[in-house]
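The primary structure of each chain is shown beneath.
2 protein chains.
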Amino acid sequence: MVPEKYNVQAEIIKALAHPSRLYIVSELAKREICVCDLTEMVGADISTISKHLLVLKNAGIVSTRKEGTQIFYKLLCPCILDFVSCIANVARKNAETSMKGV
Amino acid sequence: MVPEKYNVQAEIIKALAHPSRLYIVSELAKREICVCDLTEMVGADISTISKHLLVLKNAGIVSTRKEGTQIFYKLLCPCILDFVSCIANVARKNAETSMKGV
DNA sequence: ATGCTATTTTACCAATAAGCCAAATATGAA
DNA sequence: TTCATATTTGGCTTATTGGTAAAATAGCAT
Numbered sequence: 001m002v003p004e005k006y007n008v009q010a011e012i013i014k015a016l017a018h019p020s021r022l023y024i025v026s027e028l029a030k031r032e033i034c035v036c037d038l039t040e041m042v043g044a045d046i047s048t049i050s051k052h053l054l055v056l057k058n059a060g061i062v063s064t065r066k067e068g069t070q071i072f073y074k075l076l077c078p079c080i081l082d083f084v085s086c087i088a089n090v091a092r093k094n095a096e097t098s099m100k101g102v
Numbered sequence: 001m002v003p004e005k006y007n008v009q010a011e012i013i014k015a016l017a018h019p020s021r022l023y024i025v026s027e028l029a030k031r032e033i034c035v036c037d038l039t040e041m042v043g044a045d046i047s048t049i050s051k052h053l054l055v056l057k058n059a060g061i062v063s064t065r066k067e068g069t070q071i072f073y074k075l076l077c078p079c080i081l082d083f084v085s086c087i088a089n090v091a092r093k094n095a096e097t098s099m100k101g102v
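Protein sequence lines, in the order shown, are assigned to chains S and X. The first sequence lines up with residues 1 to 102 when you count with my numbering. The second sequence lines up with residues 1 to 102 when you count with my numbering.
Any given hint might turn out to be false.
All copies of an identical chain are treated as equivalent in the list; a pair is satisfied when it fits inside any one copy or across any two copies.
Unchecked claim - As a list, the in silico PhoX-like pairs of lysine-lysine whose alpha-carbon atoms are at most 25 Å apart: (1) Lys100 / Lys30; (2) Lys14 / Lys30; (3) Lys51 / Lys93; (4) Lys66 / Lys5; (5) Lys100 / Lys57; (6) Lys14 / Lys51; (7) Lys57 / Lys5; (8) Lys57 / Lys74.
In case anyone wonders, no lab produced these hints; they're calculated from the structure.
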């Protein structure tokens with residue numbers, strides 16, 4: 001009963017629904033970054049980061065560029081940032097609401 | 001190493017990262033809908049829908065209004081729609097790319 | 001009170017996702 | 001070639017999620 005397009009969209013959203021991946025995307029919005037730098041920034045095992053990046057790539061959110069032994073990732077769709085700001089807005093509202101004890 | 005705000009945001013995004021919930025949110029963007037109608041629309045067990053709605057409510061995405069024995073859900077943040085359109089855009093680009101066999 | 005409808009909660013199972021280690025692969029340097 | 005660095009992949013364990021059925025809860029009518 002759920003139209004097919006929501007399956008497709010949910011797949012993409014799922015790729016963003018993880019703290020590390022969201023952080024990675026936000027940083028990639030500023031500049032290209034290689035896996036080793038992202039690994040340092042996130043502070044997890046490099047294999048974990050590699051898998052996160054694969055998820056983002058499969059979702060069509062990032063692309064890669066090889067330079068020597070390094071692989072640089074970059075953000076494909078800047079509109080992702082608008083989306084993040086919307087979510088940040090919801091988060092802010094939630095914080096306000098819970099402060100009021102509502 | 002990942003700033004706390006990404007944990008908060010990822011929680012909200014996670015709530016949207018499911019086909020049924022995304023469909024529900026899209027429909028709630030048009031009008032208030034009660035649980036029983038949503039159940040019909042999605043075509044799943046009512047307990048499943050109820051859980052999905054709880055997820056959306058906990059994320060601060062929807063609110064409820066009781067009317068007799070029915071409970072109506074409505075969308076709290078219209079900006080969610082912009083976000084969905086961004087995702088739809090990514091999905092469209094992905095489809096184009098895979099068509100070209102890239 | 002009883003019954004009827006709408007909704008949520010609980011309990012349980014199956015499927016998926018996240019994490020790390022170790023092994024494999026790739027590139028460039030010596 | 002061998003070595004070192006960068007990255008991906010496979011395997012494994014643990015934790016989370018999605019689904020349904022059954023029980024519990026709530027509101028309204030009789």
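To see whether the hints hold, each was checked on the structure:
With identical chains, the CA atoms of Lys100 and Lys30 are never at most 25 Å apart, being 35 Å at best within one copy and 29 Å at best between copies. Taking the closest pair of Cα atoms, Lys14 and Lys30 come within 25 Å of each other both inside a single copy (22 Å) and across two copies (24 Å). Taking the shortest Cα distances, Lys51 and Lys93 sit within 25 Å of each other only across copies (22 Å), while inside one copy they are farther apart (32 Å). Proximity of Lys66 to Lys5 under the C-alpha cut-off of 25 Å is found in neither arrangement, the shortest distances being 33 Å within a copy and 31 Å between copies.
Proximity of Lys100 to Lys57 under the C-alpha cut-off of 25 Å is restricted to the inter-copy arrangement: shortest distance 17 Å between copies versus 40 Å within a copy. Proximity of Lys14 and Lys51 under a CA criterion of 25 Å is satisfied in both settings, with 14 Å inside one chain copy and 18 Å between copies. Within a single copy, Lys57 and Lys5 get their C-alpha atoms as close as 19 Å, and across copies as close as 23 Å, so both meet the 25 Å cut-off. Taking the closest pair of Cα atoms, Lys57 and Lys74 come within 25 Å of each other only inside a single copy of the chain (10 Å); across copies the shortest separation is 34 Å, beyond that limit.
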